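Protein sequence lines, in the order shown, are assigned to chains A and B.
For the first sequence, our numbering begins at 375 and goes up steadily by one.
For the second sequence, our numbering begins at 8 and goes up steadily by one.
Wrong hints could be hidden among the right ones.
Far from chain A by the CB rule (all over 12 Å, computed), these chain B residues [to be verified]: (1) G76; (2) F84; (3) F87; (4) L104; (5) S181; (6) D211; (7) R218.
With a straight-line cut-off of 20 Å between C-alpha atoms, the simulated EDC-like cross-links for lysine to aspartate or glutamate are [what the hints assert, rightly or not]: (8) B:K25 - A:E454; (9) B:K121 - B:D211; (10) B:K121 - B:D31; (11) B:K73 - B:E315; (12) B:K121 - B:E224; (13) B:K25 - A:E565; (14) B:K121 - B:D64; (15) B:K25 - A:D570.
A few chain B residues facing chain A, derived, Cβ under 8 Å [to be verified]: (16) R32; (17) S35; (18) V50; (19) I281; (20) A283; (21) N284.
FYI, nobody ran anything at the bench for these hints, they're computed from the structure.
On a predicted model such as this, the values are computed, not experimentally measured, just so you know.
A virtual CB, placed ideally from N, CA and C, is assigned to each residue, including glycine.
Here's the letter readout for the chains.
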Amino acid sequence: MSAIATNPPAVYTAPPRRFNPWRIVIYAVLLMFTVFYLLPVYILVTTSLKAYTEVNLSHMWTLPTGFSLDSFRDAWFGSESQSITGLAGSFFNSFELVIPATLITAIIGSLNGYVLAKWQFPGANIIFPLILYGMFIPYQAILIPLTRTLSAIHLYGNLYGLILTHVIYGLPICTLIFRNYYAGVPTELVEAGRIDGAGFFGIYRHILFPISVPGFIVVLIWQFTAVWNEFLFAINLVSNPSSQPITVALQNLAGSYSVQWNVQMAGAIIAALPPLILYIFLSRYFVRGLLAGSVKG
Amino acid sequence: MSQADTVMTAVAPYEPKKRRVRIDRIISIAVIAPSIIAIAIFVYFFIGASAYISVIDWNQSNYTNKFVGLQNYQQLFSTFRFQQDLRNTLFFTIAFLVVCLAIGLLLAILLDQKVKGEAIFRNIFMFPLAISFIVTGVAWRWLLSPGTAGDPHGVDQLFNLDPLTWTWFSNADSGIFSVALAAVWQMSGYVMAMYIAGLRAIPDEIREAARVDGATEWQVFRSIIFPLLQPITLSAVIILGHISLKIFDLVFAMSGHGPAFGTDVPALNMFDTIAANEYSSGAAIAMILLILVSILIIPYLIFNFRNEVKQ
């Protein structure tokens, strides 16, 4: 018995692979690009772990001699003596911004996608591309009227105005992703629901919503990343420093030349972490959202 | 009972359902209407308002609506700064597009060769897409030009380059290419992902058939795979092209407008212009950006949509 197990029949052994020098070239090129993409990560991490005295050009590429988290402490809490404003407050501001902006857009986008995919209404073929155009425009083209409007309705300068802005300009892409997602659901399912007496919301709640989880993950990740990383609206619409999201705070931290590089790098790592963690665990869904952004993918 | 009545009774049970459907139809329109109205106002009405602002004389903090026609645009094109913006946008777009497409295609083809650890490579090449342009700008500024003016530069140190010949973005002529390098680092993974999706969509049988017919690997690429990837290339050019026209955050964080506006771009110019309360001039820059982006995007949307309706 053991003889049979330890000596598998010869048919199962893979044929010896011919040595192909091209494989070496392929791996060499891939490794070269790995270095290119990881170079800034190396420099971010090593610089942020160095003590200030060690941060200079002759030591730029060397590993830190000690292990110091001082730069993270300064970047997070700030430092009176060096007049650094810490990122802690803006880090939480960003969550206060991103969570409602992401959830509201995803829910509205899902309903819109459902209507566009399953309830073709007259003129939908014209209205849908008109909605999509909204996701490509340079936001500079609406910035001045937007600022004026928000300030007229007292939403300028705080996070609420920014949330509203992100919800509205996030609608086209989220609607698109859900529409394409629901378009893949057989119309017979919807018809069957209708024959069983389900109405508009019944069909949504009992048929489409339960199978929407992957669609929601794609949209939530997309919108979270986009809003977290956004800068143009954030810097133009939030004048109050205590309400500013993290991208603006990081720019303020890094933009002042008095702040040491190790603190700047620590700040950059803090600002990059939340979307990066999402990416590491859910990269598959992230890529799907990315490809949806090229309309057809 | 007449013939007509029989038909009526037979149909009658369906009547409430028909009405139900009609009510549902109204509900469906009511559900999407707020979004349509919001986009009508926040996209189309606001674009109209910006266009209007660009032809009046609102270049101080107090609002004035004196119509001045295209004067703001004429004024804009005559400034050195905006001329630099157009030059930089052109150079940036070309460098960014060409390098992103080349790297994206190369990496996609290499990863399609059934390499070991493909997922790891793919994730490494794409992680910069998850982070903010501001983070990228901060990191690359330190990489390319650490310290204060007069210091040699980080990458030069690594490769032992002469700091006098490699001035990166502090040089008025070549600075914009350094910004493009950082943008390539961030966005090339996107192109790779698009090409990988394209390559995966090509059935293996097609390649096999060509190989059986005696085609070399290069011939398979040249006459089968490249033509099939062309729509992807078009999409990538349009997506990256419109990103590059709008680029703002990266330049803001990395170099600002640079000496002699060597790394300035229209979006940055607009930011400074409206900060100086020159709203009409700012709106004129925004409208030029919108026109440039629309030239790329509108035909693309129409083309995509026609195809879809045909299916």
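Comparing the hints with the structure gives:
Look at B:G76: its CB is around 19 Å from the nearest CB on chain A, clear of 12 Å, so calling it non-interface holds up. No Cβ of chain A comes within 12 Å of the Cβ of B:F84; the nearest lies about 17 Å off, and the non-interface call holds. Distance check on B:F87: its Cβ is at least 21 Å (rounded) from any Cβ of chain A, clearing the 12 Å threshold; non-interface status holds. Interface exclusion of B:L104 from chain A stands, the closest Cβ pair being 15 Å apart, more than 12 Å.
No Cβ of chain A comes within 12 Å of the Cβ of B:S181; the nearest lies about 20 Å off, and the non-interface call holds. In this structure B:D211 is separated from chain A by more than 12 Å, as the shortest Cβ-Cβ distance comes to about 19 Å. Residue placement check: B:R218 keeps its beta carbon more than 12 Å from all beta carbons of chain A (closest about 15 Å). For the hint linking B:K25 to A:E454, the alpha-carbon distance of about 71 Å lies beyond 20 Å, and the restraint is violated.
Of the pairs offered as hints, the one joining B:K121 and B:D211 holds, with about 13 Å between alpha carbons and a cut-off of 20 Å not exceeded. Restraint check for B:K121 and B:D31: the C-alpha separation of about 50 Å exceeds 20 Å, so the hint is violated. Annotation: proposed proximity of B:K73 to B:E315 is violated, straight-line Cα distance about 46 Å (limit 20 Å). About 15 Å separates the Cα atoms of B:K121 and B:E224, which keeps this hinted pair within 20 Å; it holds.
Under the criterion of a C-alpha separation no larger than 20 Å, the hint pairing B:K25 with A:E565 is consistent with the structure, at around 13 Å. For a cut-off of 20 Å, the pair hint linking B:K121 to B:D64 is broken: about 62 Å separates their Cα positions. Between B:K25 and A:D570 the alpha-carbon distance is near 13 Å, which keeps this suggested pair within the 20 Å criterion. Evaluation of the B:R32 hint against chain A yields a held restraint, the C-beta minimum of about 7 Å falling below 8 Å.
Given the 8 Å rule on beta carbons, the hint for B:S35 holds: about 4 Å separates it from the nearest Cβ of chain A. The restraint placing B:V50 at the interface with chain A holds, with a minimum CB-CB distance near 4 Å, inside the 8 Å limit. Given the 8 Å rule on beta carbons, the hint for B:I281 holds: about 7 Å separates it from the nearest Cβ of chain A. For B:A283, the interface hint is violated, the least distance from its beta-carbon to any beta-carbon of chain A being 13 Å, above 8 Å.
Below 8 Å, beta-carbon pairs count as interface contacts, and B:N284 has none with chain A, the closest being about 11 Å; its hint is therefore violated.
The structure fails to meet hints 8, 10, 11, 14, 20 and 21 from the earlier list, while all remaining hints are met.
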